[in-house]
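Undergrad: Heads up: the sequence lines are chains U and E, in that order.
Sequential numbering from 1 applies to the first sequence in this note's numbering.
Sequential numbering from 1001 applies to the second sequence in this note's numbering.
The set of hints was computed from the structure by calculation and includes no laboratory data.
Hints are supplied without guarantee of correctness; some may be wrong.
[To be verified] Mimicking SDA-like on lysine to any residue, the simulated pairs with C-alpha atoms at most 20 angstroms apart in a straight line are:
1. K96/U x E1054/E
2. K1095/E x F1033/E
3. K40/U x G1099/E
4. K1078/E x A1029/E
5. K3/U x E168/U
6. K159/U x K1106/E
7. K1079/E x E155/U
8. K64/U x G1099/E
9. K53/U x D1116/E
10. K64/U x K1074/E
11. K107/U x E1058/E
12. K64/U x A1029/E
Here's the letter readout for the chains.
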Amino acid sequence: MAKLNVNPTRMELLNLKKQIKTAQRGHKLLRDKQDGLMQKFMEIVRSARDLRKEVEEQLQTAFKNFVQASAMMYPEMLENALLYPSAKVSLDVETKNVMSVRIPNFKLNQEGNILNYGYLQTSGELDMALEAFQQVLPKLIQLAEIERQAERLAEETEKTRRRVNALEHMLLPNLKDTVKFISMKLSEAERSATTGVMRIKASLEEQAREEALKEASKAV
Amino acid sequence: MENDLYKLAIIGTKDQILGFTALGMMVVAVNNFEEAREKILKLALSNVEGNGGETRREYAIIFIMEEYAERLTKDDYKKINKEALPAVIPIPGIKGTSGHGLARVKKMVEQAVGSDIFG
């Protein structure tokens, strides 16, 4: 039994009871939050796993294509060809609030042509490799989005779980034990006060009786 | 008000990621892990002024080759992940996946649920 270090007074008892009520309400709220987070997290993480597998496969082929293509060209040529891209990518980012966790949503903006070089000194393989990259990109962005969301949610879920556990297994039992301790102490004090009064009353009555006897014997 | 536009970056060895320049991404070529670590910390923490005058992250997503991502320490990640952005995402190189990406997802499940329920 772990009780808090407080004075066993009626004042403290009232305070503690109030604290218990607050802690219980907080515990319920946090548990609801945890459930909500968990639900969302499971949803996201499942799709994250599948998408990652898919993207990794596609990306590997794209890389292979690219390396093969670059092997067929002079490195300087390759670099020259890729030096001035006309394509531009940028992201619109919106943050959504899920159970007070801010998670990002990405929207891809693409413009320009990815094949921005002369065809004379470049190989057709390069075109194909770049197109493969281009095809993977939206999926990569999507993967980034859900993985980041999962990451944020995982962090928050862990924090919430710790808080719920701390309330449930530490704070609440301690408070309850302390309340029990104080109320026992108080009723003990009450009983001891009653018996004290009874004893005093008894001894007073005894005195009175003795005095009455003395008076009586004097009179006789 | 028009939305802020964020940038994309990719960190890896030159011969592999060069192709991404054509897509218009910011390509950061590195030769070893130390360089990669330095670059990612720099990119992940770089701020710019947004449309509304607030400071925000410059990059929304930073892709990094798995071989470098798996050597980043927890402290590095703590620095990187302080805010909602950027998303640092490991991608497999030409050698194929080392399983680091999936292991990362698995770790998230462990962190959130307390045990790995997907097995």
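Undergrad: Run the structure past the numbered hints and jot down the numbers of the failing ones, going up.
TA: 3, 4 and 10
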